[in-house]
Amino acid sequence: MTKPKDLVQGTLDLLILRIVALEPMHGWAIAHRIRQMSSDVLQVGQSALYPALHKLEQQGWIKAEWKISETNRRAKYYSLTRPGRKALTEEAANWERLSAAISAVVRTV
Amino acid sequence: MSRWLTQFRLALRSVFLRKRVDQELDEELQYHLERQIREGLNTGLTPEEARYAASRAMGGIAKSKEECRDTRGVIFIHDLLRDLQYAGRNLRRSPGFAALAILIMAVGIGANTAVFSVVNAVLLKPLPYRDPGRIVTLSNVVRAPAGANALAKLISVPDFQDWHDQSTVFDAMAYYGTRRVSVTVGTSAEYARLTRVTREFFRVFDVRPVAGRSFTADEEKVGAGAVLVSSAYARQHFVEPSHALGQVLRVFDRPVTIVGVLPQAFDFPDGTEIWFPATALASPSVTQRTANNRLAIGRLKRDITLPAASAEMTSIARRLEQAYPQSNSGKGVALTPLLDDTVGDTGAMLYLLLGAVGLVLLIACANVATLLLAKATGRAHEMAIRAALGASRSRIVRQLLVEGLVLAIIAGVAGLVVAVWGTRALVAIAPAGVPRLAQAGVDGTVLTFTLCVCTMVSVLFALPPALQVSQVDTNDSLQASAGRTVVGGRGRTLRDALVVGEIALTVVLLTGGGLLVRSLLALQQVSLGFRPEHVLAMETTPQNRQRSRALFTGLLSDVSVLPGVVAVGAINAPPGNVDSTSTYWIDYLPKELNLLTGPSTVMSVVAPGTFNALGIPLRRGRDFREGDTADAPRAAIINESLARQAFRHDDPLGHVIFCAFDSLEPMTIVGVVGDVRQYGPAVEASPECYLPYLQHGFNNETLSIVVRTSGDPGLLADTMRQKVHERSPDVSVKATTMEVLVGEHFAAPRFRAILVALFGAVALSLALAGINQQDSRSPNVPKLYRVGRVGNRSKNAQEGNEWDKNGTGKHTRARMKRHPSWTPVIQVSKANFTVKPGPMLDKTSCRSERREAPFDQPNVRSGFKVVAWTGILATDLLVPELRRLYVACTRITPQQKLIMDGSEESEILPHQEVTGLFCWVPGRAFLGENGEIHPRPRGAPDREDR
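Quick mapping for you: the protein sequence lines, in order, are chains A and B. 1435 is the number of the first residue of the first sequence in our numbering; add one for each residue after it. 35 is the number of the first residue of the second sequence in our numbering; add one for each residue after it.
Hints in this document: simulated from the structure, not taken from any laboratory. Certain hints may be false.
[Stated by the list, open to error] Derived SDA-like pairs: lysine to any residue, alpha-carbon spacing no greater than 20 Å straight-line: (1) A:LYS1489 with B:ILE111; (2) A:LYS1489 with B:GLU68; (3) A:LYS1489 with B:ALA96.
[Claimed, not checked] Take a look, some chain B residues computed to stay more than 12 Å from chain A by CB distance: (4) THR40; (5) GLN41; (6) SER48; (7) PRO160; (8) PRO192; (9) THR221; (10) PHE272; (11) GLU355; (12) LEU623; (13) PRO642; (14) ALA751.
Note that the Cβ used here is the ideal one computed from N, Cα and C, for glycine as well.
Put together the whole structure using the sequences plus the hints.
Structure representation (C-alpha cells):
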C-alpha cells in the first residue's frame, strides 16, 4: 500500500521529478501517471507520495501552486524548478548507470 | 542559495501560517481521496464501496500528514509551541501549585539578581575610563621582618619623582591627595572635596574638560589660583557648566578661578568636586622621603604587561633603597590595577553574599523539584497515556522541561521585580565605603544573568522529576488505577535526597548567619571607652586661620551656656577617626631618633572639657584648663594604655613626654584618661596622647565641637550652626551625632549578618515547606486519587450515562464500587487498540488530564502556611534589627560623615620643619586585615591626604 517494495529507495523522487517535468500536475495525477506509465507495476500510495512531494518542495526542486483541476476543484499543482531540472538530469544519469550495472551483473550470472 | 531561500520561506510559512499550511495539506489529501473515490465509481462500484475502497487504498491519513509535517523541518518549533501552550494550560489548571512554585522561585531568582546587580556594579563593570586596564596605582610595600609584606598606599613625593623620572613603562604618572576643605562660594562657606593633582593626572585617565581648559604651566607654579571643578559641582552652584568658567572661589584662604569643568562621568577620586594643582601649594614635605602622604597612579604604555612594569619598578625601588638607606630601606613598590584597588576587600564580602544567596537558590530549586516530583508522580498516568500514544521518552522529558522553563521564566519576571526592590534595599543598607555602589541597578548584564539563572534552575528543578516520570512503565502505570500510581522506591529516594540536601544547605546558611549575628552582638557589647549617646559632633573649619583660636574659644563659651547642654569640648578627630599617630619618647630624647621603630601613639588635640563631653573617664591628675595656653608650660594627657606601656607600675604624672607631632618640645603629663577603642570595637585600644588646643596646631584648623546634651543631640545642631555663623559667616560646619559615627563600625558586620541571617530564614522556610510536603504526601493518597477518572465515554454514552462532576461515568463508578480492582484504564487501553483511535482517545485523555488533580490542594495550602508562618517569625525577629538598621542608614549619608582626617603640612603651625615625621606609620593606620572595623575604610584614595 505504501512504498512499492520493489521500488529502490530514492527512485520515487526520480519518478516524481520525471513525471512533473512533463507538465504541472497534482498529487493524484502524479500517482496515476506513474501507475499508467509503469503499466500498473509501480503503485505509489499517498502515504509515500505526499511526504516525498513535500520533501522535494522543501529542497526547492519542485514548486507548488493552487490551480483549478480538470474536475473543477482547487488542487495543488507541482511543477519542476530550474534546480529540479538539473537534479533530474543528474539523478536520471545516475539511475541509468546503476540499472545498467545491475542488469549487467544479473545477466552474466 | 535559492534553495536556502526557498526553505526559509517555507519554514516561515509553516511557522507563522501554520493553520493555513495544515489546511492546505488537508485539502490536498482530501482532493486525493475524492479522485480515488471517483475512480472507484468509474469502475462501477457503489458510492459506499468506492468510499471504502478509497479509504483502504489511502491508508493512515494522519500518519502521512505527520510525515509531511516532519518534512517541513520546523517540527521542533511546533512541538515547542505546543509544549508551551500545554505548559501554560497545565499551570493554569493548578494555580495553587503554580503560585507556590513561582513564589519560591521568584524569591530565589530575585534575591540572586539583586545581589548580582550589586556585584556587577561594584566588581564586574569596567571603570568608566578609556582603556581602564592600563591604569594602575603605585604604592609602597613595607617588608616586615616576619616576611609578611604590608601594602602602604601612601607614598612620598621624592620617591614619586624618582619613579617618574627613572621608569620607562608609563605613558603618564601622577600623584594626588584628596580631602574635604572649606570653600567659600560667594559669601557662604561650605565643605567641598578637593583633590590636589600633578600635571599628568588627567593624562592618566585620558580625560579632557567639557568646558574651559586644563591647567597651564603657569597655573602649576606656587601661589597660582586656578581650579577645575566637576560637572555636578558646576551645575549645583552655577546652573550650567559653562557659567562656572571664570567664577572665583575662595579656598586655602586665597581666591581661585575656575578654568575648566570636567565631564560628568569623571569622578576620581570618588566624590571630588574641585581639582587643584598640587604644585601650586607650597609644601615643605615634598623634599622628605619619610613624609608618605600622597597617592600615586599611572597609565602603563600600550604593550607593557603588569609583571614587566612591576619588575622595572622593583629595580628602581632597590636603587632607591641603596641610595637612601635611612628612609627607604625595606621599602618596595607595588603596582595594582585600578579596578582591584577600587574594589579592595569589598569583593570578599560580596562573593560571600553571592554564595549565600546562591545557596538559597539551590534550596528553592530543590524545593520546587520536590513540588514538581509530587505533581509529576500524580501525572504518571497522563505520561503513560502520552507514551502509549507514541510520545518518546525524550519528548516527554522535553515537555516537562518546557513546563519547568515556563515556570522559571514567569518566576524570573516576578524575580526582577523583587530584584529592583532588593537592589535598592541593598544599596540603602550597605555599609559606607563600598565603591561604585550607586551604579547598582538592573541592566543588560543583569538581565542576561537572570535569564541564564532561569534557564539553569529550570533544568535543575525540572530534570529530576522529568527523568523519573518519563521512566514510568506504560503498562504498569495504565494497569494501576488512574492516579493511584504507586510512588516507586526511586521516586521516594529522589525526594528524600532533595529534602536532605535542602536541610543540609539550610543548616549551612543558618550556621553562617548565626555566627555573623553572634559576632555582631559581641561587637556591640564591647565598651568603646566613651559614651556616644547624647553627643553631637560638629565639624567646624574657619576660613580665617589667624583668628581660629579666638573663634573656637568664643564658640565653646557660647555653646556651654545653651539650654540642654551638659558638657562641651572640642577635638580634632572624634573617637573612631584617628587623625594622626606619632612616635613618642618618655623623659628624654635619644640621640638618633628611631622614628620608624619607636613606640607610637595616637595624637589628638582637645579643648578643656572634651573628656567630660565624650564620657571618657579621667583616671588620674587633671583635665586641661583655660590656663593651658601657648604661654603656659606644655601639658599632655595620656591614656591608660600608654601609661601601662611606658610606665608599667610607676606614676606617669609629672613625667615628660616627647612626641614627633608638631614639635619635639617636652610636655609634662598632667593626667591619665581611660582607653578609647579608636579602631573600632574589634581592635584593642592603643596608646593615646592628648594635647591642649591652644598649645598646638591641628590639621586644617578644623575641630569638631562635641556637646553632651540632656535631650536629643540632633535638636541642637541648628542652634549651634547659628551660633557659629553669628561669630563668623565664612565657617564651614557639618553636624552629626556620635552615635551615627560609632554606628559605622557596625555597618559592615551588621550588613553581612542581616543578609546572611535573612537568607538563612528564607532557606529555613523553604526547607520547612519542602519537608511538610514530603510528609503530607504519604501515606494516604488523597481521595480524589482513588477515583478513576478515565471512563469509556462511548460505552457510557451508549448506556445513557452522563459524565458527572468527577469525570467518571455513573456506570463506571458503580462498577468500581462492586469491583474495587476494576480499572477504567483498561477500557481506555481497549479503546486505544480496538476502536478508531484518533478523536476518541484524544477526548478521553484530555478529559482525564483535566479531571486529574495531580497536585493535591492540601499540600499547596500547607506549603503556603509554612512559608507564611516562617515569614512572620523571621519578620518578627528581624524587624527590630531592621528598623534600627533603617534608622542608622537614613541618618548616615556619606556627606554626613565627619572625616577629621588630613593634615596639611603647610598649615601646621608653628614648627613646620618636623611636620613630616609623624606621617609614616608603616602598616598601621592604612592597612586593615579586618577591613570592616578598620578606622580607615579601604580605598584610601577617597580618604584624606595626610
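Against the structure, the hints come out as follows:
For the hint pairing A:LYS1489 with B:ILE111, the CA-to-CA distance comes to about 18 Å; that is within 20 Å, so the pair holds. Among the hinted pairs, A:LYS1489 with B:GLU68 is inconsistent with the structure: their alpha-carbon atoms are about 23 Å apart, more than 20 Å. Restraint check for A:LYS1489 and B:ALA96: the C-alpha separation of about 17 Å stays at or below 20 Å, so the hint holds. At roughly 4 Å, the least C-beta separation between B:THR40 and chain A is not larger than 12 Å, which violates its mark as non-interface.
Not every beta carbon of chain A lies more than 12 Å from that of B:GLN41, the smallest distance being close to 6 Å; the non-interface claim is violated. The Cβ of B:SER48 does not lie farther than 12 Å from every Cβ of chain A; its closest approach is about 10 Å, which violates its non-interface assignment. With a closest Cβ-Cβ approach of about 47 Å to chain A, B:PRO160 is found to remain outside the 12 Å limit, as its non-interface label requires. Remark: the non-interface label on B:PRO192 is consistent with the geometry, its nearest Cβ contact in chain A lying 79 Å away (cut-off 12 Å).
Taking the minimum C-beta to C-beta distance to chain A, about 83 Å, the non-interface status of B:THR221 holds against the 12 Å cut. No Cβ of chain A comes within 12 Å of the Cβ of B:PHE272; the nearest lies about 69 Å off, and the non-interface call holds. The claim that B:GLU355 lies off the interface holds: its Cβ sits roughly 78 Å from the closest Cβ of chain A, which is beyond the 12 Å cut-off. Taking the minimum C-beta to C-beta distance to chain A, about 98 Å, the non-interface status of B:LEU623 holds against the 12 Å cut.
The beta carbon of B:PRO642 sits about 97 Å from the closest Cβ of chain A, which is more than 12 Å, so the claim that it is off the interface holds. Its beta-carbon lying about 80 Å from the closest one in chain A, B:ALA751 satisfies the requirement of being farther than 12 Å from that chain.
In terms of the numbered hints stated before, the structure departs from hints 2, 4, 5 and 6, listed from lowest to highest.
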